[in-house]
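Novice: One rule links them: number in our numbering = place in the sequence shown (from 1) + 1049.
Do not take every clue at face value.
Unchecked claim - Under the rule of at most 30 Å between Cα atoms (straight-line distance), these lysine-lysine pairs were calculated in the DSS-like manner:
(1) 1097 to 1125
(2) 1343 to 1324
(3) 1208 to 1339
(4) 1336 to 1324
(5) 1324 to 1208
(6) 1208 to 1343
Derived from the structure by calculation, the hints contain no laboratory data.
Note that this is a predicted model, so its numbers are computed, not measured.
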Amino acid sequence: MEGFLEKIGEFGPYQRQMFLLLSLPTIIVSMQKLAWVFLGAKVDHRCKLSWEEENATFPMDPALWNLSIPWDSARKEPSQCSMWSNVTEDSTSRPNNSIIMPCDAYVYDTSTYKTSAVIDYELVCDRAWLRATVQSVYMVGMLVGSYLFGDLSDRFGRKPVFLSALVLMVVVGVGQAAIPEYYTFTSLRFVLGASLQGVFLVAYVMAMELVGKKRRVLVGVLAQAFYTVGYFTAAMLAWGIPSWRWLQITMTLPAVLFIPYYWVIPESSRWLISKGRAAEAKVVLEKAAKVNKKEVSEEMILQVVELPKTAKDSGKGNFLDLFRYPNLRRKTLNIFFNWFVNSGVYYGLSLNTGNLGGNDYLNFVISGAVELPAHALTILLLDRVGRRIPLCAFLLLGGVSLLSTMFVPAGTTWLLICTSMFGKFCITASYAIIYVLTAEIFPTVVRNVGVGASSMVARIGGALAPFVNLLADQWQPLPLIIFGAMAFAAGTLSLLLPETLNRRLPETIEDGENFGRAHHARSHKAPTHCHRLTHPNTRTEIIPKGSTERDTAAISADADQLQNLTEQLSPVSEHSPTLLAKNNRTPFADSQAGEERSPVLNEQEDARC
1050 MEGFLEKIGE FGPYQRQMFL LLSLPTIIVS MQKLAWVFLG AKVDHRCKLS
1100 WEEENATFPM DPALWNLSIP WDSARKEPSQ CSMWSNVTED STSRPNNSII
1150 MPCDAYVYDT STYKTSAVID YELVCDRAWL RATVQSVYMV GMLVGSYLFG
1200 DLSDRFGRKP VFLSALVLMV VVGVGQAAIP EYYTFTSLRF VLGASLQGVF
1250 LVAYVMAMEL VGKKRRVLVG VLAQAFYTVG YFTAAMLAWG IPSWRWLQIT
1300 MTLPAVLFIP YYWVIPESSR WLISKGRAAE AKVVLEKAAK VNKKEVSEEM
1350 ILQVVELPKT AKDSGKGNFL DLFRYPNLRR KTLNIFFNWF VNSGVYYGLS
1400 LNTGNLGGND YLNFVISGAV ELPAHALTIL LLDRVGRRIP LCAFLLLGGV
1450 SLLSTMFVPA GTTWLLICTS MFGKFCITAS YAIIYVLTAE IFPTVVRNVG
1500 VGASSMVARI GGALAPFVNL LADQWQPLPL IIFGAMAFAA GTLSLLLPET
1550 LNRRLPETIE DGENFGRAHH ARSHKAPTHC HRLTHPNTRT EIIPKGSTER
1600 DTAAISADAD QLQNLTEQLS PVSEHSPTLL AKNNRTPFAD SQAGEERSPV
1650 LNEQEDARC
């Protein structure tokens, strides 16, 4: 397949057209992912006093306010959840028998947000935790959707699963806007999270399967740009649409425009080939060559679509293998903690923009804007400096920035926003790096399992983040301090992970156990006698002398497994598909033979052999 793409153009007119069409849904997905900032916006509130009408407004005479509402010493403002009893509209002083009692109804400040799910479902005071639960349930839905729709797309094809997830997203997204009751609404948020993740994951896989390996970096960068466009669009729509229900509908309905994709977007040729549907794959490849205005022989297309299956590696690992041996166990737990922290802090900061003060809409836009330079800087650093040091540096810098918020003077909103946004910049970069590092540290036989388990742990961190943000009600910078401490701890522990730049990827469990050990270079000497497996496209493999045909087949199978991982698992994290494709030191297998070594490592073996 790679040879065919090199022949017709790795990112020609055909791929660009398909990529644009497949990337447009990303705008809808990104709008929905963090829309809860506006849909469930926190609004100031106070107790509704006994004599007030249903349409009472939030402002009240200061003297009456002092008589009827007790002072909240923790927040240093009038209480939002309690009132003095036995105070009447005509009272000039508080009665002696007056006691503090909880609100039985509320009056909301609608000066910024005219409506909110918080108002409609009364998610305030002793029910405030239910607001955080909505976003946590949504994150769990994303976790389920990643595995459910990923598996379905492998079984039944990319296109039908993409369209199914899209239709489900439209139905649920519009339907939840009409739900008057909290628990049904929250259940639908779970389904929406799953369907959105299905749309994003499958569309991204289809886009990546269209292009050659040299252009995957470009495709990934452009995909991140579409995600950021959705970030900005959500803020603009929220600013212009005062009703949260109509905002939800407005952010969902444009997805209907993508339903005609069923007649426009072809099925993935790679998937068709993997299922033995050569005739259908041949039609897709011929159309791609025609649109790109490239002449390709019938013989070459047949060689691609009728490619025999590569020999499968008989050695398979499982989840428990990650914990059987001490060095691999330590690295696994370290990686899990890093994923938990990166996801928790990323979503925590993204959802915390409403707690920073200032303009919520502007805060949200800035929070999205800092992601662009973060991804660009990460791409520049990974091939020059490595993985471990940038990961540690970004986590430590982000942690220090967030921890410093404890020293920000009260009322200095601009400084709180600046430190929070710098922390968001750092955590965006570290989130991308840990994904690359994870795929390179786990050995081939458990790499799929390791990345999948790491993603699951990440979703747990994201699900807990909204509850951490609740602590802002006690002290405004407290969530930022907790996120900072987590990032600092993860940054310190990341120094214990091995560097993977220009290193041969571990293949077996034994390789994984030895990878990164200080004595590894002394105890496992490099082979002194080598012979080559010559590749038809002039690339070579270095295989220790005496290797059997079974060894050679195993190496090819490992390369195919890694290719499948990098192309199909990368969407598990929406922040890092670019980097995994760019920085994986193992080239992808092509239609002729498996490849395992990078040119840099081949030169090192040349000198050694």
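Novice: Run every hint past the structure and note whether it holds.
Specialist: Checked hints:
{"no.": "1", "hint": "1097 to 1125", "verdict": "20 Å, holds"}
{"no.": "2", "hint": "1343 to 1324", "verdict": "26 Å, holds"}
{"no.": "3", "hint": "1208 to 1339", "verdict": "22 Å, holds"}
{"no.": "4", "hint": "1336 to 1324", "verdict": "20 Å, holds"}
{"no.": "5", "hint": "1324 to 1208", "verdict": "14 Å, holds"}
{"no.": "6", "hint": "1208 to 1343", "verdict": "26 Å, holds"}
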